[in-house]
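Enquirer: Here is what each chain is made of, one letter per residue.
Number of protein chains: 2
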Amino acid sequence: MTLDRRQILALAALAGGAGAFETASAEAHDAQGRMPPLPEDAPKIAMLVHPRMIALDLINPMTVFNILRSNIMLVGKTMEPAATDVRIPIGATHTFDQVPREVDVLFVPGGIMGTIAAMDDPETLTFLSDCGRRAKWVTSVCTGSLLLGAAGLLQGYRAASHWTVSDLLPKLGATKVDERVVIDRNRMTGGGATAGLDFGLTLAAKLVDEEAARRIQLILEYAPEPPFANGTPAQAGPERVATMRAGRPWMDAQALKAVEAAAERLGLPA
Amino acid sequence: MTLDRRQILALAALAGGAGAFETASAEAHDAQGRMPPLPEDAPKIAMLVHPRMIALDLINPMTVFNILRSNIMLVGKTMEPAATDVRIPIGATHTFDQVPREVDVLFVPGGIMGTIAAMDDPETLTFLSDCGRRAKWVTSVCTGSLLLGAAGLLQGYRAASHWTVSDLLPKLGATKVDERVVIDRNRMTGGGATAGLDFGLTLAAKLVDEEAARRIQLILEYAPEPPFANGTPAQAGPERVATMRAGRPWMDAQALKAVEAAAERLGLPA
Numbered sequence: 001m002t003l004d005r006r007q008i009l010a011l012a013a014l015a016g017g018a019g020a021f022e023t024a025s026a027e028a029h030d031a032q033g034r035m036p037p038l039p040e041d042a043p044k045i046a047m048l049v050h051p052r053m054i055a056l057d058l059i060n061p062m063t064v065f066n067i068l069r070s071n072i073m074l075v076g077k078t079m080e081p082a083a084t085d086v087r088i089p090i091g092a093t094h095t096f097d098q099v100p101r102e103v104d105v106l107f108v109p110g111g112i113m114g115t116i117a118a119m120d121d122p123e124t125l126t127f128l129s130d131c132g133r134r135a136k137w138v139t140s141v142c143t144g145s146l147l148l149g150a151a152g153l154l155q156g157y158r159a160a161s162h163w164t165v166s167d168l169l170p171k172l173g174a175t176k177v178d179e180r181v182v183i184d185r186n187r188m189t190g191g192g193a194t195a196g197l198d199f200g201l202t203l204a205a206k207l208v209d210e211e212a213a214r215r216i217q218l219i220l221e222y223a224p225e226p227p228f229a230n231g232t233p234a235q236a237g238p239e240r241v242a243t244m245r246a247g248r249p250w251m252d253a254q255a256l257k258a259v260e261a262a263a264e265r266l267g268l269p270a
Numbered sequence: 001m002t003l004d005r006r007q008i009l010a011l012a013a014l015a016g017g018a019g020a021f022e023t024a025s026a027e028a029h030d031a032q033g034r035m036p037p038l039p040e041d042a043p044k045i046a047m048l049v050h051p052r053m054i055a056l057d058l059i060n061p062m063t064v065f066n067i068l069r070s071n072i073m074l075v076g077k078t079m080e081p082a083a084t085d086v087r088i089p090i091g092a093t094h095t096f097d098q099v100p101r102e103v104d105v106l107f108v109p110g111g112i113m114g115t116i117a118a119m120d121d122p123e124t125l126t127f128l129s130d131c132g133r134r135a136k137w138v139t140s141v142c143t144g145s146l147l148l149g150a151a152g153l154l155q156g157y158r159a160a161s162h163w164t165v166s167d168l169l170p171k172l173g174a175t176k177v178d179e180r181v182v183i184d185r186n187r188m189t190g191g192g193a194t195a196g197l198d199f200g201l202t203l204a205a206k207l208v209d210e211e212a213a214r215r216i217q218l219i220l221e222y223a224p225e226p227p228f229a230n231g232t233p234a235q236a237g238p239e240r241v242a243t244m245r246a247g248r249p250w251m252d253a254q255a256l257k258a259v260e261a262a263a264e265r266l267g268l269p270a
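The listed protein sequences derive, respectively, from chains A and B. Per the numbering used here, the first sequence starts with residue 1, numbered consecutively. Per the numbering used here, the second sequence starts with residue 1, numbered consecutively.
Among the clues, some could well be false.
Note: identical chains are not told apart, hence a pair may lie in one copy or across any two.
[Unchecked claim] EDC-like, lysine to aspartate or glutamate: derived pairs with alpha carbons at most 20 Å apart:
| id | residue 1 | residue 2 |
| --- | --- | --- |
| 1 | 77 | 260 |
| 2 | 136 | 264 |
| 3 | 77 | 179 |
| 4 | 206 | 225 |
| 5 | 44 | 130 |
| 6 | 176 | 260 |
| 7 | 136 | 184 |
| 8 | 176 | 225 |
| 9 | 171 | 121 |
| 10 | 77 | 102 |
| 11 | 206 | 80 |
| 12 | 77 | 209 |
| 13 | 257 | 211 |
| 14 | 171 | 120 |
Everything labelled a hint here was simulated from the structure, so no lab data went into it.
So here's chain A without its partners, still in its complex pose (with noise of 0.2 Å):
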């Protein structure tokens, strides 16, 4: 039953979506522009789905894999499609059980409310710690990394986060690295959201090759110019940052105290 459905998604998403992008993976269209199925050996990347997730935590660096032509499965605790900060649910493909014993990839999208529950919950926390144990790789982007953190994945690893809690990830056992994307063995972790962008470039060059993940940045157009230089707590300087702290008092409270149950929990000293 499970793999019925699993077919029919597929076949689903071949009629549907596939080549909405057109320039993805150009050259392996055919002449009226559709994709060829996947093939045998596509990368298979599970990304957690979880309530109240930032959708481009997991829209980003999704995108990048969706043109490296991977076997990609949104991966929730149930089928329910999960709220995200722009109102767009995103439903899973896949539940816990049915994401294949072996991945390549397992991926976790930040999204700060969304992660403290998610840290809190331990069917989510045996999924991750269990699928992580045999991933190629472990991976998230922006407060993705303390929820990775929560469930055991990190102690020993050099990691980033957004620049709001990455100094709570010592408490989960973790160095923290204030970079775009920290490369620690086969950890991966990105900075907040939109590092979403350089994280996935980086992991297709992983899972395939450079030249495969340069294909890919051109079809993006990822050429960035931001308009500002403000984009770190150092370019945004202390007096911008301060205001921001001042407004989520309650959040760094909520924040510190589910990284502090988790660490109890994984028996790391407080």
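Keeping the supplied structure of chain A fixed, place chain B upon it in accordance with the hints.
Expert: Positioned in the frame of chain A, the structure of chain B alone reads:
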């Protein structure tokens, strides 16, 4: 009845999604991290959703506008969720006749096969032409500018598009400009796909002020570090560009045909 439906949607949005991006407009949060209702004068932004669109083209600017606390309307020909490149269907919140007479922003995302289909759809063209005539800003990302052009909204304007199709802009009466974000009077068009972040922040600064846009840039940690210098045809070099072009003769022919048909309808010289 229309009003009731909108009220229900607005209430659902407030209960479910708002505040998921914790750092959104931090100073507006209350002590429990909840966002207050949108102010009466929140920018009204009509974002087209059309079948086979590129999800990323929509989500990146939408995230910016959401943090800016805008009144975002996802506008479709029908309420039927639109298929996207990543196979995440995106539903409309408003049909064409439910959009207020005057909006601050009309936005069109890209998605070449979807764009081509929409360029031949009288209802979509009529909506865009009508809404765009009264909108304060007429905008697009990626191939969306071809659709604006087909609706007669770019005649005599400078505009950007995805590099694979930007040569077609002059056939629609526009001047092609190879820049990341092009502003000409009240038209603001972005380049390919990922230009949506630069575009969104640039427009946020116009809609509110530079300080608001800077804060959003910090929230989204938009300090990009592309892993390669490969985001433009010039960076990628002639060989990669030729490979990509060679893979899409059918697609290019379709785009040309749609543009020529639109140009004829607009009475433009061939």
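Enquirer: All hints, please: hold or fail.
Expert: Tested hints:
1. 77 with 260: neither (23 Å within a copy, 49 Å between copies)
2. 136 with 264: Classified as neither: same-chain Cα gap 27 Å, cross-chain 54 Å, threshold 20 Å.
3. 77 with 179: neither (31 Å within a copy, 43 Å between copies)
4. 206 with 225: between (25 Å within a copy, 17 Å between copies)
5. 44 with 130: Answer is within; shortest intra-copy Cα gap is 16 Å, inter-copy 45 Å.
6. 176 with 260: within (16 Å within a copy, 55 Å between copies)
7. 136 with 184: Close inside one copy (13 Å), not across copies (48 Å); limit 20 Å.
8. 176 with 225: Answer is between; shortest inter-copy Cα gap is 19 Å, intra-copy 27 Å.
9. 171 with 121: within (18 Å within a copy, 56 Å between copies)
10. 77 with 102: Intra 18 Å, inter 42 Å, cutoff 20 Å: intra-copy only.
11. 206 with 80: neither (32 Å within a copy, 38 Å between copies)
12. 77 with 209: Neither. Shortest intra-copy (32 Å) and inter-copy (41 Å) distances fail the 20 Å Cα cut-off.
13. 257 with 211: neither (44 Å within a copy, 32 Å between copies)
14. 171 with 120: within (16 Å within a copy, 57 Å between copies)
Hint violations for this structure: numbers 1, 2, 3, 11, 12, 13, all remaining hints satisfied.
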